[in-house]
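Mapping of the sequence shown onto my numbering: position 46 corresponds to residue 59, and the numbering continues sequentially without gaps.
Since the hints were derived computationally from the structure, they do not count as laboratory data.
Everything hinted at is true.
Derived pair list, reagent style DSSO-like, types lysine-lysine, alpha-carbon separation capped at 30 Å:
1. Lys65 to Lys46
2. Lys46 to Lys16
3. Lys138 to Lys16
4. Lys138 to Lys46
Here are the in silico distance ranges between beta carbons for each label pair:
5. Ser77 to Ala125: 21 to 29 Å
6. Ile137 to Asp59: 13 to 21 Å
7. Thr23 to Asn89: 33 to 41 Å
8. Ala29 to Ala74: 23 to 31 Å
9. Ser140 to Thr23: 19 to 27 Å
Note that CB positions come from ideal geometry on N, CA and C, so glycine has one too.
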Amino acid sequence: MNKSYIQETTVDNSAATTNNATNQYACRDTVDKVFLPSYQDYINADYGFLAKNDLSDTRVALVSDYARANGAACRNATTYYGSYWTRSADSSYNEYATAVGDWGQFMFTSVALEADCVRPCMNIKIS
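Sequences are here, hints too, so could you generate the full structure?
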């Protein structure tokens, strides 16, 4: 794909995009071409997600063969569901972030763990 189609996006990283509107670990907005969805994105019914923190088929994600070969964890060898990061900081610990677990539920996980996956997003201009 032609890189000129990938648009820069002002990404809201404020506390409002996390699970806690007073999150002390939220940060300034960034301008990025590739970014992770936030906690609030993953509970947005307009995007097709369940609008609460519960088990959710709409947030479940399969771990690719490539990711598994590079150390990504998955639930088991027959379903290949795995967890993945959001861009939202946890409000309780500075070294934790919000992730989506292998059943589609939210969890708060140390950013030092290397077995979680990512589901990057980008905005594309179609002319």
